[in-house]
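> With the hints as extra help, turn the sequences into a complete structure.
Protein chains in written order, with my numbering: chain A, 1 to 127; chain B, 1001 to 1240.
What the hints contain is simulated information worked out from the structure, not anything from laboratory work.
A few of these clues could be false.
[To be verified] Label-pair distances were calculated between CB atoms; the ranges are:
1. VAL1101(B) with HIS69(A): 32 to 40 Å
2. SER1151(B) with VAL17(A): 14 to 22 Å
3. THR1037(B) with ASP56(A): 30 to 38 Å
4. PRO1232(B) with LEU121(A): 26 to 34 Å
5. ASP44(A) with VAL1101(B): 22 to 30 Å
6. PHE1056(B) with LEU49(A): 44 to 52 Å
7. LEU1104(B) with ALA42(A): 20 to 28 Å
8. SER1015(B) with ILE14(A): 29 to 37 Å
[Said to hold, decoys possible] Beyond 10 Å from chain B on every Cβ pair, some chain A residues (computed):
9. MET1
10. ALA3
11. VAL18
12. PHE46
13. ALA47
14. ASP56
15. VAL111
[Said to hold, decoys possible] Residues from chain B shown here face chain A by an in silico Cβ test under 8 Å; the list is partial:
16. PHE1068
17. THR1082
18. VAL1101
19. PRO1102
20. ALA1162
21. MET1169
Think of the CB as a built atom: it goes at the ideal place given N, C-alpha and C, for glycine as much as any other residue.
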Amino acid sequence: MLASLGLILLCQLIGEVVVRGLGLPLPGPVLGLLLLLMLLLARDRFALLMRGPLRDDGVETASKGLLAHLSLLFVPAGVGVVQKLDLLASHGIAIILVLALSVVVTLLATVLTFRLVSRLLKQRDAR
Amino acid sequence: MKDNPFSLWVYLSQSPLLWLTVTLLVYAATDAVSLATRRHPLANPVLHAMWIIGAFLLLTGTSYTSYFAGAQFVHFLLGPATVALAVPLYENRKRVVTSIVPMLVALLAGSITAVVSVVLLAELAGLPREVVLSLAPKSVTAGVAMGIAESLHADPSLAAVAVILTGIMGAIIVTPLMNRTGVSDYRARGFAAGLAAHGIGTARAFQVDEIAGVFSGIAMSLNALVTSFLVPLAVTLLVR
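Encoded structure:
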């Protein structure tokens, strides 16, 4: 468990170092995600890597434990709304309406594009 | 008991212990309610934990800074949780690889819609320029959005609030909206949830369906990448 958490943190750390070092415009944890994914894929190919947190679903179990409480992790930033009460009092309704409309439009654009492309591909495969 | 109870409060309210405990307990309660209502969208545990803790801070006159000193230990885990998304991605890799083309096209369509729609609507609503800029990255996860807002000289803490509000609204609306569109493909539904509503949408997607959760996590990571490039471009083109 501890070694698995350590491995997750190490991936994030390397991600942050590379992102800052090279001035890449992407977040460090996203690079860390790619790194952990490559480690897991490499483990299936090279038996040498099958030790510590990469053995017996160690890192898998720790990751699922973290993801089971993903919602909780947004609470501290969300409570930050108390700092913005004056702004919300003056522009709150407009801000909420703008965000709500935009999120609906974004959900629809994404899901319909995904479905459309996936259908087009299947038609081509069928021919 | 020589000290008066007030000095105990002063001590506790300044220590990380109290606010970390409050965050965990209030969330545990709102999550239990959400579970009891069989994950009803309106019983979103983040939304209810937010206003309960917020009200508690206002009533006790506690500043957000002292609250965050305790809650930061929870906030910190957002980074490792993003890394952890590698695991469901790895376990469902075959399904992900076969969907790579629809994913990339939907990513492009969705991320452009997310940024352009919020900027145009905010301008239309006559919001001040600084607010428009802070809302622009609202569909990406909090840490990334705050970075984008900073680089635009907008308000990072307003950006974080816009991100959370967007995530909660997305998580509430995604299931009823998708049921109405008649799309039953959980890859597409999850992808849309993660793209439009980042981690809160992804948490919701995992509650509904494992595949939806996986695709939501992918959408959230990819959108963080694309939006970092897109927002500065959209702002120069669209904002007065």
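> Beyond 10 Å from chain B, beta-carbon-wise, is MET1(A)?
Non-interface label stands for MET1(A): nearest chain B Cβ at 13 Å, farther than 10 Å.
> Closest CB-CB distance from VAL18(A) to chain B, is it above 10 Å?
13 Å, holds
> Does the CB of THR1082(B) sit less than 8 Å away from some CB of chain A?
4 Å, holds
> If we take the beta carbon of ALA47(A), is the closest beta carbon in chain B still more than 10 Å away?
Holds, because the least Cβ-Cβ distance between ALA47(A) and chain B comes to about 17 Å, which exceeds 10 Å.
> Taking the beta carbons of VAL1101(B) and HIS69(A), is their distance inside 32 to 40 Å?
33 Å, holds
> Would you check whether ALA1162(B) satisfies its interface hint, that is, whether its CB is within less than 8 Å of any CB in chain A?
6 Å, holds
> Does the claim that ASP56(A) lies off the interface hold, with its Cβ farther than 10 Å from every Cβ of chain B?
Correct as stated: the minimum Cβ-Cβ distance to chain B is 14 Å, above 10 Å.
> Look at the Cβ atoms of ASP44(A) and VAL1101(B) and judge whether their distance stays inside 22 to 30 Å.
Hint holds: Cβ distance 25 Å, inside 22 to 30 Å.
> ALA3(A): least C-beta distance to chain B exceeds 10 Å?
14 Å, holds
> A range of 29 to 37 Å was offered for this pair. Does it hold for the Cβ distance of SER1015(B) and ILE14(A)?
33 Å, holds
> Quick check: does the Cβ-Cβ distance between THR1037(B) and ASP56(A) fall within 30 to 38 Å?
37 Å, holds
> Is 26 to 34 Å right for how far apart the beta carbons of PRO1232(B) and LEU121(A) are?
33 Å, holds
Consistency with the previously given hints fails for number 15 only.
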